[in-house]
Each structure stands twice: as structure tokens, then as C-alpha cells.
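Same order as they appear, the protein sequences are chains A and B.
Reading the first sequence from the start, the letters are residues 0 to 391 in numbering that gives the first Met the number 0.
Reading the second sequence from the start, the letters are residues 0 to 391 in numbering that gives the first Met the number 0.
No lab work stands behind these hints: they were computed from the structure.
Mixed in with the good hints there might be a few duds.
Which copy? The list can't say, so a pair holds if one copy fits it or any two copies do.
[Said to hold, decoys possible] Here are the simulated DSS-like cross-link-like pairs (lysine-lysine), alpha carbons at most 30 Å apart as the crow flies:
#1 345 with 50
#2 145 with 283
#3 328 with 50
#4 1 with 33
#5 342 with 59
#6 328 with 283
#7 58 with 33
#8 98 with 177
#9 177 with 1
#10 50 with 334
#11 306 with 50
#12 345 with 33
#13 59 with 33
#14 145 with 248
#15 279 with 59
#16 279 with 1
#17 1 with 283
#18 279 with 335
2 protein chains.
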Amino acid sequence: MKCANDIDARDVEEMFINIDPIQAGGRLTPEALKAVIAYADGYSVCDHCRKPFRLDYIKKPPIAEFHEDCARWLNMDVLRVVPGARRGFQAVASTLVQKGDPVILTSLSHYTEFVSVEQSGGVPHEIPLDENNHVTAENTAETIEKVVRESGRSPSLLFVEHADYQYGNIHDVCGIAKVAHQYDIPVLLNGAYTVGIMPVDGKALGVDFVVGSGHKSMAAPAPSGVLATTDEYADKVFRTTQAEGDVTKRTFGIKEVEMMGCTLMGVTLVGLMASFPAVKERVKNWDTELEHSNIITDALLSVEGTKIESDCPREHTLTRVNTIESFNKVAETHKKRGYFLSKDLKKRGIVGVIPGSTMVWKYNTFGLTDKQTEHVADSFRGIAEDNGLTIS
Amino acid sequence: MKCANDIDARDVEEMFINIDPIQAGGRLTPEALKAVIAYADGYSVCDHCRKPFRLDYIKKPPIAEFHEDCARWLNMDVLRVVPGARRGFQAVASTLVQKGDPVILTSLSHYTEFVSVEQSGGVPHEIPLDENNHVTAENTAETIEKVVRESGRSPSLLFVEHADYQYGNIHDVCGIAKVAHQYDIPVLLNGAYTVGIMPVDGKALGVDFVVGSGHKSMAAPAPSGVLATTDEYADKVFRTTQAEGDVTKRTFGIKEVEMMGCTLMGVTLVGLMASFPAVKERVKNWDTELEHSNIITDALLSVEGTKIESDCPREHTLTRVNTIESFNKVAETHKKRGYFLSKDLKKRGIVGVIPGSTMVWKYNTFGLTDKQTEHVADSFRGIAEDNGLTIS
Chain A
0 MKCANDIDAR
10 DVEEMFINID
20 PIQAGGRLTP
30 EALKAVIAYA
40 DGYSVCDHCR
50 KPFRLDYIKK
60 PPIAEFHEDC
70 ARWLNMDVLR
80 VVPGARRGFQ
90 AVASTLVQKG
100 DPVILTSLSH
110 YTEFVSVEQS
120 GGVPHEIPLD
130 ENNHVTAENT
140 AETIEKVVRE
150 SGRSPSLLFV
160 EHADYQYGNI
170 HDVCGIAKVA
180 HQYDIPVLLN
190 GAYTVGIMPV
200 DGKALGVDFV
210 VGSGHKSMAA
220 PAPSGVLATT
230 DEYADKVFRT
240 TQAEGDVTKR
250 TFGIKEVEMM
260 GCTLMGVTLV
270 GLMASFPAVK
280 ERVKNWDTEL
290 EHSNIITDAL
300 LSVEGTKIES
310 DCPREHTLTR
320 VNTIESFNKV
330 AETHKKRGYF
340 LSKDLKKRGI
350 VGVIPGSTMV
360 WKYNTFGLTD
370 KQTEHVADSF
380 RGIAEDNGLT
390 IS
Chain B
0 MKCANDIDAR
10 DVEEMFINID
20 PIQAGGRLTP
30 EALKAVIAYA
40 DGYSVCDHCR
50 KPFRLDYIKK
60 PPIAEFHEDC
70 ARWLNMDVLR
80 VVPGARRGFQ
90 AVASTLVQKG
100 DPVILTSLSH
110 YTEFVSVEQS
120 GGVPHEIPLD
130 ENNHVTAENT
140 AETIEKVVRE
150 SGRSPSLLFV
160 EHADYQYGNI
170 HDVCGIAKVA
180 HQYDIPVLLN
190 GAYTVGIMPV
200 DGKALGVDFV
210 VGSGHKSMAA
220 PAPSGVLATT
230 DEYADKVFRT
240 TQAEGDVTKR
250 TFGIKEVEMM
260 GCTLMGVTLV
270 GLMASFPAVK
280 ERVKNWDTEL
290 EHSNIITDAL
300 LSVEGTKIES
310 DCPREHTLTR
320 VNTIESFNKV
330 AETHKKRGYF
340 LSKDLKKRGI
350 VGVIPGSTMV
360 WKYNTFGLTD
370 KQTEHVADSF
380 RGIAEDNGLT
390 IS
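Looking at chain A on its own, in the form it has when it is part of the complex:
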């Protein structure tokens, strides 16, 4: 079925259980879909924009209120919405990183963090992982020491993943931030996989910036996200324009340089806002999400030869699994080769595993019901059995 000319209507979320690693937390709530329909037109939130003409001042729809509520919910002082987490990284790096500055990232940093450093002309340095694929406070201290010693300069920013995109492991942000602050390095929390799906308290974590992704974890349309900070850094990263026209002598009011004025003028922001009450509630059910996550890893581990490369028991719903000694053995002789797994899953109503992947791959169980969780677990076991693998 087409929804428009040559575009097939998307029905993945309606017809299947979707365990795609990046899509799970961005499925809209029913409220968001209704709001999306009402606010789909271009500049839809600007009907009641009055002086001083800036997105976060608009009261109807209650955008100003959302900015305050969302900052408070993250236990940070000031918040802005951005076109995706990456644009939050960009705003902070562009503010704090000068050309040639060393910047600390981790060995699990997302490429968008690297790109934001590259844009600012910074020099990235990764913190090595420990043997459990964790970023630790100790390795952070050693990396900072090494960078200072070798470059003779203090790093201007440190990025740390709350839950990383590779393993979905939860890192010791608190300890890492403490170390960074001993060297006066501001800390940016990449909460793309946590803000909106599990509780996040910026002050408790001790970070200077919290970045979240609307389309990854806050049940919002793309591109959307949030950048929250403390009063200490708000004036810097949200500084207003100093530009002046040399001929016209125009100035440009309170437009913020790194935000480029307004950021999400329509459907993306309203989707984020409409999902927010449900998002605030769902993070309280994180324990249930972890139970589901562990039911699935238990099922996969019952297939002989399978390894879970992420922490076990799981502390997140994003999981990296190694099936080289199980499903990949099947693929070697299966007439559909590596595609048998995704095809068999699809027959059982499950999508989101990259077609052809049977070696090391990722999935995300966020948002599954109890029944769906059991079905996914049964399906992995069933496919293994159907293909002659041993179940313990």
C-alpha cells in the first residue's frame, strides 16, 4: 500500500514485534501520533509566537513549560530542544572546543561525538575499555594524565556514554565525571540510549551537560532531542548573538548562536511534548524492561555456543550477542545462508535484526509486553531447535 506516490506506507510497528537496536525507544505514543497529525504543517507551533520571538518562550502550545519541566525531570537547570542528540554535541563542542584542543572521548563513543569534535577542530583521545568493556574512572584519569603530559594542554571537554551503542553497558558516569572535574574538564553525558527510557538524574551523575535523543529514546519524531545544562554553562552554550549589521546597524535580539535561533518549529517538538507525560511514567518501569531483557538473553544463552557480549545480567534493553558458534554454524550450510535467521524471525512476526547477520549483532527489547517477550524468547529457541542447534 502506498501512502503517497512512490512511497510505501510503513507498517513495521503495526504488523511486527520490532527489536531493531535504534528504533525501539522512538516509537510514538498514541498521544504523540495525535499531536503529529494536528501539528504536521511546517511552522505549526508558531501561531502564537510573540516578542521576543523565540521557540522556548512560546506558551501556546506549552513549549516554555515543557522546557522547564524537562530540565527539572533531568535534574538540570536549563534545557533546549535540538534536531537530534548530535546537534546537542555540536552545540557544546562548538562552544567549548578550540582548534587543536584535546578532547576526551571513550572507546565506545558514537561517531556523531567524533564528528562534533572534528567540526570544532579538536583532537579526539579515547579512554580505553577495561576487560569488561567498561569505561572506568581509573582509565579516565590515566587518559587525561597522558593527554596533558603529551600535548601540554588540558582537554576542553569530555564525552561519556551513559549506555553505549555497542554493548548497551551502563558506565560509571559518576566516577568518570568526578575525575574529569578534578582536572576542570566539563563533562557531557551522551544519554541517547537512556534519557526517556530509564531514569536519568544529571546532578546525581555530576555531569555538566545531558544530551538526549527524541527519536531514539523519547518516543518522538526525527530529528529531535534535548540538550540540558547547568546554570554555570547555560550562558556559554546558550549565548545570544552579538552579530550586528554594519550598514543597517541591525541586531538580532535574543537568538542563541548555537541553536541558530529556533530549532524544532513543528511536528518534531510537539511529538516530543505529547509523549513526555508517558515517557516520564515509562522510565519508572525500567525494572520490568530489564526483566524482559534478561528473559531474552536467557533464551539466547540456552542455545549452545551463543555468547552475550554485553554485561550479564543485562542492565539495559540494548544487547550485543555473538552467535558465531550457533546461528552462524547453521548459516554455513543453510540454503538461505545468513538470511535464514531474519527470515525465520519474520515468519514469527519479529523484525529488526539486520538481514544476513548471524555473527555479532544487536537487538533492543525496549517496550515489549510480557507476552511479546515470551514470544521473542520462544522464537530464538524455536529457530535454534528447528535448525538442529542444541538447547540447554
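Given the coordinates of chain A, work out where chain B should sit on it, guided by the hints.
For chain B alone, coordinates are given in the frame of chain A:
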């Protein structure tokens, strides 16, 4: 009626004739609304993203094809989608402008152009307007000469508005670009008010970059837009990341630095794509749009004391009107003060004039039907008559 918790359902476009200056070109087409509903979830266009994992390579939905078609339609070589025109300005300025570089803007440049220059550390210089509020080739040459003489440096970029946001005047882009190129200065066309509502031919205009706004003029959700360029500049502005992890030795494939990888991963892009066939058609009806625009200015000019500050006859649907000697005279004694005009318009089913404005204000007639045009014209005359103004 609420569409979600504390958010009122927006019904402006359904219940009223909307002549808001910025909203007219961003109303969705019916196809776009259907596509928005189908693709509202976060990373909705990523179902079939395969190696090398970049938005503009995705074939289903036909994103790759859209990129090619849209570049061809603008008569440019390469195109990317961006989160709003401003993010296109940012990408180009960040690529071409070094700290301290002079950059040429115009006395009608939008604040987002200034902000993109400010972000890059450039120094903005405005081209003065002639007596008709036009940016001319002659003033461009004089400004460049002056800047080179005074700063001893050649400007690294020139921004020019196709139709400006203040008057909706059409400027001599062709002549301006010719002058700029004589000084080897690349030219960026700000097509926020033209791409998607009137024909735009980048090569014919002789520009190096064309930036369009999805939510302003391409019947798409916000934030969305396009950045198109020539083969000469594509490798520069769309350069791929050179970042490398010093510990992990990771590199990040073909992700583009200024795009930060992918840009519009869902509803915004699909809305833009779904509207595209209708948008290609509607630019062919520009003559009708201009007829409508001129019917309205004729009606306003028939109210004694009213001046049209934009070019007359109108060559655009965005118009700046001065009613200091007409509607503002009424406001001086009306019990509703300046609010009488917007209130009276609303009674007649027309919205989009900022409440309280009766001095110098703007409106946009884009997309009105013949009947709606007559109604708006009659309404301005009617409100003037009702309030004792003379109609000629």
C-alpha cells in the same frame, strides 16, 4: 479540543484562511500528511538502511532517488537534506569561512545567515540597498571592493536572498553572482522564500549553493530543508569524516562532517518527499500566485493612506504593507486599539496578521484559491469601510 494532555489541537489551516508571512508555503499537501502518519515514529526511514549506512543511500523509501531528483529539479549537481535552511547556511559557512574572514551578506539577510557567520568566526559585511530596497550588482561590487581594501582579505563567501524576508522582493541574483565570481567568491542563494513556491534554476542564477526550507516553502514538516551545490563544491561541503579513534583505530566510513552523518531520519524527510511531486507542479503556477498577490495589494492600495512597501506590481506573495496612515489611524481611537484589525479579519475567517499590528506588517497570499483571494481583498476593503476609511 486537546490532541494530547495539555496541547490544544491545531486547526488554523482547517478553519481559517491563513496569510501568515512564514506559514503559507509550509502547509502540507494531503500526500505529505498521509506519509507523516505512516512515518511518524522516530527512525522510521531506517528499516532498510544497509551498508554504507547513510541516509542518502536508502532506496526504500526512495530517499536516494529523491536526492537525485531534487538536485536535478534545482539544476544543481548534488543535494542533501538538512534540518532547516539555517543548517544549510551553517554547513557552508563552517566549511568555507575561517576565523576573521570577511563574509558578504546583504542588508536584507536573515538573522540565521548572520548566526552561521558568527559561528564560524567570520566578519559580516552588508551590501547596502538601493532606493527601491533592492540588492544590486553595483552595490555588491562596491561592497566587495571596500571590504578587500579595508581588510586586505578576500571575502570567503557571499550570501544573497532570492526573495528577501522583509519585502519579498526578487533580487538580481544573476548579476550579483557574476560580480562575486569575478572576485572568486562563492555564492550561496538563500531560497527559503523561493525553492518550492516559484521556479528556481541554480545554474541559470549562477550560484554555487542553493538552500531551501522544507517547512517554509516545500510543504514539509519542520525542521527540514535542502542544501544543493555544484560538483566543484560538493567534495568540500560534503567531505567525509577523517576522524579516527586513537585507541580503537576506528574510522567512521562515509559519514559527512557537516551533515553530522544523517540529518532527517523520519517524518520530516518523508513529508518533504511526499510533497515533492505536488511542489514541482505548483511552482509552474507562479503566475497565478502573483495575480492573487496583486489582487490583494490592489485592494489594500484602494484604502486611502495605505502604502505597499514591497515592489509593485508584486513579484512575490510575501508583501510588506504600511498602514500607518490608514488602519493605524483607526487604531488610535478604536476601543480595541490596534487589535481591531486582526480581530475583524478573524471574524471574516482570516488569520496570520500579528495581533495588534496596524503600522508596518507583512502577509503572504501563497496558496490561496481565486475565491479565497477575493474574500481576503473584500475583507480588507470591508474592514476599512466599516471603520470610516476612504476607499478609492
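Verification of the hints:
1. 345 with 50: For residue 345 and residue 50, only the inter-copy Cα distance (21 Å) is at most 30 Å; the intra-copy one is 53 Å.
2. 145 with 283: neither (40 Å within a copy, 63 Å between copies)
3. 328 with 50: between (65 Å within a copy, 23 Å between copies)
4. 1 with 33: Both, since 21 Å and 9 Å are each at most 30 Å.
5. 342 with 59: between (47 Å within a copy, 18 Å between copies)
6. 328 with 283: neither (40 Å within a copy, 59 Å between copies)
7. 58 with 33: both (20 Å within a copy, 28 Å between copies)
8. 98 with 177: Within. Shortest intra-copy distance 26 Å satisfies the 30 Å Cα cut-off; inter-copy 34 Å does not.
9. 177 with 1: neither (53 Å within a copy, 45 Å between copies)
10. 50 with 334: between (66 Å within a copy, 23 Å between copies)
11. 306 with 50: Result: close only across copies, 25 Å inter versus 58 Å intra.
12. 345 with 33: Answer is both; intra-copy 29 Å and inter-copy 26 Å each pass.
13. 59 with 33: both (17 Å within a copy, 25 Å between copies)
14. 145 with 248: between (48 Å within a copy, 18 Å between copies)
15. 279 with 59: within (21 Å within a copy, 34 Å between copies)
16. 279 with 1: between (35 Å within a copy, 20 Å between copies)
17. 1 with 283: between (38 Å within a copy, 26 Å between copies)
18. 279 with 335: Close neither inside one copy (43 Å) nor across copies (43 Å); limit 30 Å.
In the structure shown, a violation is registered for the earlier hints numbered 2, 6, 9, 18, in ascending order.
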